[in-house]
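A.B. asks: These protein sequences, in sequence, are chains C and V. If you count by this note's numbering, then the first sequence holds residues 1 to 554, one letter each, in order. If you count by this note's numbering, then the second sequence holds residues 555 to 676, one letter each, in order.
No wet-lab data here; the hints were simulated from the structure. The beta carbon of each residue, even a glycine, is placed where N, CA and C say it ideally should be. There may be inaccurate statements among the hints.
As the list claims (entries may be wrong) - With a straight-line cut-off of 35 Å between C-alpha atoms, the simulated DSBU-like cross-links for lysine-lysine are:
#: 1; chain 1: C; residue 1: K327; chain 2: C; residue 2: K353
#: 2; chain 1: C; residue 1: K404; chain 2: V; residue 2: K590
#: 3; chain 1: C; residue 1: K239; chain 2: C; residue 2: K227
#: 4; chain 1: C; residue 1: K228; chain 2: C; residue 2: K239
#: 5; chain 1: C; residue 1: K418; chain 2: C; residue 2: K459
#: 6; chain 1: C; residue 1: K363; chain 2: C; residue 2: K418
#: 7; chain 1: C; residue 1: K404; chain 2: V; residue 2: K625
#: 8; chain 1: V; residue 1: K590; chain 2: C; residue 2: K325
#: 9; chain 1: C; residue 1: K50; chain 2: C; residue 2: K13
#: 10; chain 1: C; residue 1: K291; chain 2: C; residue 2: K227
#: 11; chain 1: V; residue 1: K590; chain 2: C; residue 2: K327
#: 12; chain 1: C; residue 1: K13; chain 2: C; residue 2: K177
#: 13; chain 1: C; residue 1: K239; chain 2: C; residue 2: K404
#: 14; chain 1: C; residue 1: K544; chain 2: C; residue 2: K423
#: 15; chain 1: V; residue 1: K632; chain 2: C; residue 2: K353
Said to hold, decoys possible - Computed spacing ranges between beta-carbons, pair by pair:
#: 16; chain 1: V; residue 1: M591; chain 2: C; residue 2: A406; range: 44 to 50 Å
#: 17; chain 1: V; residue 1: D667; chain 2: C; residue 2: P550; range: 35 to 41 Å
#: 18; chain 1: C; residue 1: K477; chain 2: V; residue 2: H585; range: 49 to 55 Å
#: 19; chain 1: C; residue 1: A219; chain 2: V; residue 2: M591; range: 51 to 57 Å
#: 20; chain 1: C; residue 1: R424; chain 2: V; residue 2: H585; range: 43 to 49 Å
#: 21; chain 1: V; residue 1: L672; chain 2: C; residue 2: Q447; range: 23 to 29 Å
#: 22; chain 1: V; residue 1: D667; chain 2: C; residue 2: P341; range: 22 to 28 Å
#: 23; chain 1: V; residue 1: H585; chain 2: C; residue 2: P550; range: 45 to 51 Å
#: 24; chain 1: V; residue 1: E566; chain 2: C; residue 2: P495; range: 46 to 52 Å
#: 25; chain 1: C; residue 1: N361; chain 2: V; residue 2: M591; range: 38 to 44 Å
#: 26; chain 1: C; residue 1: E407; chain 2: V; residue 2: P674; range: 27 to 33 Å
#: 27; chain 1: C; residue 1: A219; chain 2: V; residue 2: E566; range: 36 to 42 Å
#: 28; chain 1: C; residue 1: P341; chain 2: V; residue 2: M591; range: 19 to 25 Å
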Amino acid sequence: MRSLNRFFTISSKDPDDTRRRRILNILIVGIGVVSLIELLISLAPSFRGKQGVGILIIGSAITFLGMLIIYLINIFRSGRVAATIFLLFLTVVFAFSDTPEEVAGGRSLFAFTIPIIMASILLVPWSSFVFSTISSVIISVIAFSINQTPNIPAIIGFFVIALVSWLSARSLEQALKELRDINANLDQQVIERTQALTASLERERIEAGRNQAILNSIADGVIVFDKKWNATLTNPAIKGMLEIPIDLIVNKSFRELIEHPRLASQSRRLLQAMMEHDTQPIGFRINWGEKTLSVSAAQVHDIRGENIGTVTVFRDFTREAEVEKLKSTFVAIVSHELRTPLNAVLGYAEMFKEAVYGPMNDKQVNMADRIMKNTQRLLGLINDLLDQAQMEAGKLTIHISPLKPAELLDALHGLLDKTASDKRIRLTSEIDDDLPETLNGDAARLQQILVNLVTNAIKFTDHGEVRVRFLRTDDAKWGIEVEDTGRGIPESELPFIFDTFRQVEGATTRVHGGFGLGLAIVKQLVNLMSGDVTVESRIDSGTKFSISLPLVVP
Amino acid sequence: MSELALIIEDDEDLANIFAEALRGVDFEVEHIADGKMAEDRLRNGAVPYLILLDMHLPHVAGGDLLTNIIKKEERFNKTTIILTTADARMGEMYHDQADFVLVKPISFVQLRDLTARLLPRR
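Next up, chain V with everything else stripped away, as it sits in the complex (with noise of 0.2 Å):
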């Protein structure tokens, strides 16, 4: 069975592109394209096993959802988080509380590559 992915990505192509990378190494992919819906789909649905999150998001900012939700339940504590952010500033203020960070533009096969890497061995 695929392990969950939940991109939380505005930009359509970027989370198509981010989609495709993972799919490529097996993961089952889940998008959200919004800040608020995202927060909802935290709090309620199932844990994923990876989230890539922008920090840039509508109605409610990566770096809120990263504080407020991912880093106080104890449920994420085995997810791995992977910021995307365009500016390297913000990038750098989070790194503590993230896994990786990505600088955009991000590469589809670095994406590949990387995510690949954390899959559970079998």
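Isolated chain C, as found in the complex (with noise of 0.2 Å):
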């Protein structure tokens, strides 16, 4: 069948050319068969000598030679040229198919049709008119030659033929056009497709090697799980953060990772807990094996919101763990290892200004005191600093115990008179009527916030009093109030007021002293205390602390 095809294979460009000259060589070969078995059949021995043999052998050869030539133009020349001349050759071999009287009037003349027809198929259909034409002419001059009038009837049929074949085969070449138009459409489509999906696969794979790439340049441990938190990728960084083989972490379950002997018990609570109710916790603490880890997860969402996995970052947390531990420790040692020769240089001051080595004169005991002054300043700093680093290792505590309103106002008399009728500032102090004699709180700790606050009111007030009131606010609540005239506090400062290490303006450290840790500290003591503190200033006014803090300490 492929050897056949082949018989009939035509190069050309134009897909209606190949078309046309394939049906021509389907046309010739048929022909060129029929007479050639036509020939051989004449030329048999039971023939020879009768009547017409040699006209029927003359014409099969023609015919054969006929078709072999128009077969050999089609194929090699222009299959036009090749269609024309069978066209013609079958109009002129129907004319001279039969008796002229049957050509130019009777059944002959169907004959005919068929070039007529044909010439829309394997020419251009317009050429059917033209093979009508030709056909009529054919037809009148064998009709005048027989002195007949021309068969006008089969005139107009040849030419409504040709008006039929005409349409018919223009609208299978336009349907057969469209179909071209709508496959080179596809065509089109489909390359332009694949290119796209070519691209964006190469975009793929470049996304998913700087990915990669990524993953394994950063110092971070990298874990991610798929929905049932098993673990399907992670990067180098992790092995050596967690010492352990990458076949015990890639394909096993979070589950089996946190039953590590290496974690600590507490952390592997931390972790189950994150699993079983997939929070996405920022920077929690877990203790594996010496080290520090830092944890951190995010869930990773499909395009339709739907949680497909998890994401986990382990970061090494233990030199600053280490860092933090040894900062605290630090700021303590040193803060004891400072309180016990400042005490020493306090009791000699004291000492001078006492007299015990004999009389001092007036000067002397004021230097004396001088010193203990300063000396005294400096021990407040070291213990707001150690009380800060207390509370940022967590190890401040409170201490809840029945205290009496009364006695906290009366030490805070004795320790802070002086230092206000010095600079001529009144300090005043009022219980309200409704609060109860007896409270519970930390005294100590309470005595420490009222002595930071209104040590804070004497030192920005220049006159005026500093005014601090004992006070029920509602059924649950007490609290005190220090108010002072003072030069008071801009704006702009007040919502930093209790930050850590911060005064109003740089230049009143030189001038007042101290780290800006004193109102830091009683708000955090305020809060250890389930209480609250708030501020309220203007300027060149005064300035209103008011603590709030619940009756029944929880």
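Put the two chains together into one complex; each comes in its own frame, and the hints tell you how they fit.
C.D. replies: In structure tokens:
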């Protein structure tokens, strides 16, 4: 079949031309084979010498040769020329295939319709009209030659057939053209889609490669878990961080990982809670062997927002944890070690002032007094630092016991009356009648808060008074107010007043000293007692700190 | 005759100041700077009227001296115990076992006035 096909194959760039030439080839080969068989039969001995055999032999041979020539022209030269010759050949053959009477007006007239119809298929559609004209001319000439009038209905019939052929062939060609256009369009689309897909795959490959490179290069350990908490992807850093073979991580479940004996039991509970509740913690600490790791987790969602897994990031926090611990230990030790020599300075100064080794003149007493005051200031700063360090380490605790507000105020006056009067400021205090005589709280810490706030108030007040008031704020709360008539705090500074290491305007640090820890410690202490502290202030008219505390400490 | 006050304090300056404060109110003062030596002294020496005990001492901690000797042996029943410490939390821990807990910085005047009140009335 394939070799037969090759026999009819035409190489042409025009698909219409190819189609026409292939049809022509089939017809030519068909007629050629028939004429060859006819020739061979005519040459058979049984027909030899019979009448008309000679003409048959010549006719068959001419037909065969004609078909061979047309075939060669069709294959190697022009399909159009071949088709024209073929159709003319047929028309001529039909013109001489019967008696002139039959050809001009009888039964053979219909043979002429074959080339007319074929012309529209083998040549261009309108060529049917050419061949209907040729056929009309031929039958008219033959009619005149035998003294007949041309067969007008037949001629009209030829043109009607030509019209129908023309229309049909034209529609066919149009349909085929449309089909080819659709095909071409489809081909174009396939090409475009293929290119887009290739580009997208390439992008994805680059993206995946880039992601892998990022994963491989970062120092943080990464494990990606699927929806069922099975590890699907890791990076090299995680191996060094957990110090276990990578095959104990990849394709294993999160549960298996947290069963590892190196994980501290407290950390195991934290991680288990993270898995069970699908939380997304940021930077919580776990202990893995000797190491402290910080763990963060984030869920991965698909386009529809469905959870498809979790990315966990482990950071080695060992050094930072050690530094934090060292810092807090360092501050504690330094604070303690500083207190002892300062205590000695303070003690010797007191001894001078008290004239333990003999009488002193006024100037010497005054000097001893100044040594004492400065030493006390230094001790205050150290106490603040120590408190802050303890708070940061979470070591500062509150001891609740019954306390009397009046005793707190007595102690306050004992400590600060002189400081206030030295600045010619009145320090007054009052306790509201509806406040219970005994309250629950940490007396030492409340004293510290009061001293801190009142010292501050005296420090920033140049004239007027500092008022301390204990009051009942509502059924469940009581409060302390410390109000002064001092210079006030700028509004822009109020939001930061309780921040660590902050003083209003840098310059005041040099005038009044201190690290800016006092108010930060006050706030933290009040919060530790489940209370709250607020501040109101107006420039040049004063500041009021209000502390609110629960009557029943939780 | 003056009452005996035993100062157990490793810092020489503080011990000196405390001693002056106590002498100022007429105590007879004995000073020991080391935990181990204090242990021997407490076990073998005369019972003091007052002990000023620092919690932070070399070799044997003040807390151990307090718990293992002073509170165990009946001869110290009448002795007034004043603890000194730089660590307020430490002071709270031993609060019940002492008559007074003084948190450093300890004022010369404060100590002198306190101990003056502790002397037996004559």
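A.B. asks: Does the alpha-carbon distance linking K590/V and K327/C stay inside the 35 Å limit?
C.D. replies: 32 Å, holds
A.B. asks: Using the Cβ atoms, figure out if D667/V sits within 35 to 41 Å of P550/C.
C.D. replies: Holds: the Cβ-Cβ distance is about 37 Å, inside 35 to 41 Å.
A.B. asks: Given the hint of 46 to 52 Å, is the C-beta distance from E566/V to P495/C inside that range or not?
C.D. replies: Since the Cβ atoms of E566/V and P495/C sit about 49 Å apart, the hinted range of 46 to 52 Å holds.
A.B. asks: Between P341/C and M591/V, does the C-beta distance stay in 19 to 25 Å?
C.D. replies: 23 Å, holds
A.B. asks: For the pair we were handed, K404/C and K625/V, check the Cα-Cα distance against 35 Å.
C.D. replies: 32 Å, holds
A.B. asks: Taking 35 Å as the top limit, are the C-alpha atoms of K418/C and K459/C close enough?
C.D. replies: Measuring from Cα to Cα gives roughly 13 Å; hence the hint holds.
A.B. asks: Given the proposed pairing of K239/C with K404/C, does the C-alpha separation stay at or below 35 Å?
C.D. replies: It is violated: about 60 Å lies between the C-alpha atoms, which goes past 35 Å.
A.B. asks: For the pair we were handed, K404/C and K590/V, check the Cα-Cα distance against 35 Å.
C.D. replies: With a Cα-Cα distance of about 42 Å, the restraint between K404/C and K590/V is violated, given a limit of 35 Å.
A.B. asks: Within 36 to 42 Å: is that where the Cβ-Cβ distance between A219/C and E566/V falls?
C.D. replies: 52 Å, violated
A.B. asks: Hint check: K632/V vs K353/C, CA-CA at most 35 Å. Holds or violated?
C.D. replies: 34 Å, holds
A.B. asks: CB of H585/V to CB of P550/C, is that within 45 to 51 Å?
C.D. replies: Since the Cβ atoms of H585/V and P550/C sit about 48 Å apart, the hinted range of 45 to 51 Å holds.
A.B. asks: Just to be careful, I want the Cα atoms of K327/C and K353/C compared with a cutoff of 35 Å; is the pair within it?
C.D. replies: 38 Å, violated
When each numbered hint is compared with the structure, violations occur for hints 1, 2, 9, 13 and 27.
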